[in-house]
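So the protein lines, in turn, are chains A and B. Residue numbering for the first sequence follows our numbering, starting at 1 and increasing by one per position. Residue numbering for the second sequence follows our numbering, starting at 1 and increasing by one per position.
Hints should not be assumed to be uniformly reliable.
Computed list of lysine to any residue pairs in SDA-like fashion (alpha-carbon distance at most 25 Å, straight line) [unchecked claim]:
1. A/Lys326 to B/Arg111
2. A/Lys315 to B/Arg111
3. B/Lys58 to A/Pro19
Computed footprint of chain B on chain A, listed as stretches where at least three residues anywhere in the stretch have a Cβ under 8 Å from a Cβ of chain B [what the hints assert, rightly or not]:
4. 46-54
5. 88-101
6. 341-349
7. 379-391
Chain B is faced by these chain A residues, among others (derived, beta-carbon under 7 Å) [stated by the list, open to error]:
8. Lys22
9. Met131
10. Tyr394
Rather than coming from a laboratory, the hints here were simulated on the basis of the structure. From the three backbone atoms N, C-alpha and C, an ideal C-beta is built for every residue, glycine too.
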Amino acid sequence: MTTGSVPKRFSIPIGPQHPALKEPGHFDFSVDGEVVTGATVRLGYAHRGIEKAAENQNWVQNLYLLERICGICSHIHATAYCLGVEKLADVEAPPRAQAIRVLIAELERVHSHLLWLGVTAHEAGFDTLFMYSWRDRETVMDILESLTGNRVNYSANMLGGVKFDVTDDNRKAIERGVNFLETRTRHYLNVVTTDQVFVQRTRGVGVITREQAEQLGVIGPTARASGVLRDVRVEAPYAAYRDIPVQPVIETAGDLEARFVVRLKELFESYRLIRVILEQMPPGDLNVRMPRRPKAGEAISRVEAPRGELFYFIKSNGADNPERVKVRTPTLCNMASVLVTAVGQQLADVPMILAGIDPCFSCNDRAVTISKAGDATSAVWSWQQLRQYSQAYYRRRL
Amino acid sequence: MQLKLADLWTNALDQVKTWARVNSPWVIHFNSGSCNGCDIEILATLTPRYDVERLGIKLQGSPRHADVLICTGPVTRQARERLRRIYEQMPEPKFVIAVGSCSISGGAFHRCYNVIGHIDEVIPVDVYVPGCPPRPEAIIDGVVKLLEKLRGAKTQSANAEQEGEWRDDNRG
Numbered sequence: 001m002t003t004g005s006v007p008k009r010f011s012i013p014i015g016p017q018h019p020a021l022k023e024p025g026h027f028d029f030s031v032d033g034e035v036v037t038g039a040t041v042r043l044g045y046a047h048r049g050i051e052k053a054a055e056n057q058n059w060v061q062n063l064y065l066l067e068r069i070c071g072i073c074s075h076i077h078a079t080a081y082c083l084g085v086e087k088l089a090d091v092e093a094p095p096r097a098q099a100i101r102v103l104i105a106e107l108e109r110v111h112s113h114l115l116w117l118g119v120t121a122h123e124a125g126f127d128t129l130f131m132y133s134w135r136d137r138e139t140v141m142d143i144l145e146s147l148t149g150n151r152v153n154y155s156a157n158m159l160g161g162v163k164f165d166v167t168d169d170n171r172k173a174i175e176r177g178v179n180f181l182e183t184r185t186r187h188y189l190n191v192v193t194t195d196q197v198f199v200q201r202t203r204g205v206g207v208i209t210r211e212q213a214e215q216l217g218v219i220g221p222t223a224r225a226s227g228v229l230r231d232v233r234v235e236a237p238y239a240a241y242r243d244i245p246v247q248p249v250i251e252t253a254g255d256l257e258a259r260f261v262v263r264l265k266e267l268f269e270s271y272r273l274i275r276v277i278l279e280q281m282p283p284g285d286l287n288v289r290m291p292r293r294p295k296a297g298e299a300i301s302r303v304e305a306p307r308g309e310l311f312y313f314i315k316s317n318g319a320d321n322p323e324r325v326k327v328r329t330p331t332l333c334n335m336a337s338v339l340v341t342a343v344g345q346q347l348a349d350v351p352m353i354l355a356g357i358d359p360c361f362s363c364n365d366r367a368v369t370i371s372k373a374g375d376a377t378s379a380v381w382s383w384q385q386l387r388q389y390s391q392a393y394y395r396r397r398l
Numbered sequence: 001m002q003l004k005l006a007d008l009w010t011n012a013l014d015q016v017k018t019w020a021r022v023n024s025p026w027v028i029h030f031n032s033g034s035c036n037g038c039d040i041e042i043l044a045t046l047t048p049r050y051d052v053e054r055l056g057i058k059l060q061g062s063p064r065h066a067d068v069l070i071c072t073g074p075v076t077r078q079a080r081e082r083l084r085r086i087y088e089q090m091p092e093p094k095f096v097i098a099v100g101s102c103s104i105s106g107g108a109f110h111r112c113y114n115v116i117g118h119i120d121e122v123i124p125v126d127v128y129v130p131g132c133p134p135r136p137e138a139i140i141d142g143v144v145k146l147l148e149k150l151r152g153a154k155t156q157s158a159n160a161e162q163e164g165e166w167r168d169d170n171r172g
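Input sequences plus hints: build the corresponding full structure.
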């Protein structure tokens with residue numbers, strides 16, 4: 001007798017167009033009443049094929065392309081690529097360039113974390129905080145614009161250094177902006193830890209325990225909110241971080257509130273770093289000469305993006321173009337934690353849990369084929385083959 | 001006479017419709033493979049510094065409530081059907097603004113293997129806003145251009161009608 005029986009699994013599809021996030025991603029949550037019992041994700045809406053495109057452009061052109069992997073953390077992508085290529089070419093950017101790279105990276109972190117604060121507050125329905133934090137974010141956008149000439153894709157890096165200098169006027173503007181932001185951040189930290197209504201949406205919600213975080217390979221501020229110290233700036237300092245040690249921020253609760261607190265406290269650390277860099281800005285050149293073609297070889301570069309570790313693998317065969325550029329971005333590492341922590345939570349909390357890892361879908365969408373060991377068919381795919389494969393794949397799926 | 005009254009009525013109705021449409025366009029945003037840069041600039045136009053809500057523009061979650069679709073990014077193979085479906089779900093009359101170089105020409109991702117192309121290969125576009133990414137001012141300008149187009153289209157036809165009447169009167 002099946003009539004009248006309640007279906008055991010009721011699934012709610014969300015996305016790819018949804019009011020919660022501005023980026024496309026499809027989620028399927030099965031629910032029992034209001035409680036989530038299972039979650040699956042379908043990514044790939046923003047998969048464009050950048051890694052393959054990077055093989056068809058020369059080393060300098062790639063800087064432009066790779067900066068556009070992600071509009072929020074564009075500078076750090078370019079930094080990772082530059083550091084990798086410089087390693088291949090046995091060139092080191094001058095100290096002043098390294099300092100400016102780190103300065104822009106920290107300003108970018110400030111803009112990214114303030115952006116995240118607003119978006120995640122918006123998921124909780126706390127639009128006031130969203131509007132305030134985005135208003136204050138314009139301060140750092142102005143600073144970045146006055147430094148680099150662009151609000152989003154700064155194009156600050158070049159192979160062998162940076163493109164522009166930090167003048168005294170810039171320095172004063174940055175100090176003024178940072179002072180203002182520091183008072184505002186203090187206020188926000190107070191709001192997210194004491195506002196009763198907001199705290200009810202965050203405290204004890206979406207907990208990732210330390211064990212889970214280690215098991216799922218969570219990285220970045222999400223891991224640091226669960227008590228796992230993963231910060232490339234601390235573990236393997238690069239650029240100017242070698243001279244300016246970073247004090248990592250760690251929280252142990254692992255819930256949404258901890259993720260708010262970690263990111264806001266990281267802002268203070270960023271303000272401190274910005275001040276220190278401005279004080280100790282080494283004099284000297286902005287860039288050094290780079291050979292047009294780096295030597296054949298392989299290089300790995302790891303940097304700390306606002307969302308976690310960003311990993312570049314670059315392979316050169318001594319030609320005009322790289323032979324392979326592999327990018328590993330933080331969001332994909334954190335995505336599994338969303339699917340695990342969403343189970344058992346209220347459906348209404350799911351947008352916040354998802355936004356809690358600071359997802360960036362344009363970073364994480366990439367294609368992977370898995371071939372068995374010893375498979376004779378595993379080979380380098382040509383552009384044409386990839387195009388045909390993608391056409392056939394989507395003909396099958398749609 | 002009766003015919004004239006009906007015309008007046010339709011005219012008045014048209015004017016009210018244009019007024020409503022121009023004064024409060026509800027927009028929906030879809031990212032079909034963008035790098036996020038344009039998306040955050042669109043959000044920035046909604047927030048206090050630029051604040052397009054003061055112009056009556058509201059970001060809407062559902063395509064069924066929206067008048068204007070703001071598209072960013074090139075169209076990837078997986079997002080194409082979704083983009084088309086969202087466009088089809090919007091009620092008539094509907095307008096599309098393509099924001100960013102990618103949505104106009106493919107931009108940096110031109111001819112990537114999984115990219116089909118730009119937005120107007122999939123759905124018709126009314127206003128293009130160039131830039132990588134365009135500044136919030138440029139996005140506001142794009143929206144204003146669209147509104148002017150809407151208003152202009154109506155006033156233009158109304159002018160033409162008035163002109164015709166005027167000529168008729170003179171002739172009579």
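Cross-check of the supplied hints:
About 19 Å separates the Cα atoms of A/Lys326 and B/Arg111, which keeps this hinted pair within 25 Å; it holds. In summary, the hint linking A/Lys315 to B/Arg111 is supported, as the alpha carbons are separated by about 23 Å, within the 25 Å threshold. Straight-line distance between C-alpha atoms of B/Lys58 and A/Pro19 comes to about 12 Å, which keeps the hinted pair within the 25 Å bound. As drawn, the region 46-54 of chain A meets chain B at 7 residues by the rule of a beta-carbon pair under 8 Å; at three or more, the given contact holds.
Against chain B, the region 88-101 of chain A contributes 0 residues with a C-beta closer than 8 Å to a partner C-beta. That does not satisfy the three-residue criterion, and the hint is violated. With 0 residues carrying a beta carbon less than 8 Å from a beta carbon of chain B, the region 341-349 of chain A misses the three-residue requirement, and the given coverage is violated. Requiring three or more residues with a Cβ within less than 8 Å of a Cβ of chain B, the coverage given for the region 379-391 of chain A holds, as 5 such residues are present. Because the closest C-beta pair between A/Lys22 and chain B is about 4 Å apart, less than 7 Å, the hint holds.
Below 7 Å, beta-carbon pairs count as interface contacts, and A/Met131 has one with chain B at about 6 Å; its hint therefore holds. The criterion of a C-beta within 7 Å of any C-beta in chain B is met by A/Tyr394, whose closest approach is roughly 5 Å, and the hint holds.
Comparing the model with each earlier hint shows violations of hints 5 and 6; every other hint is respected.
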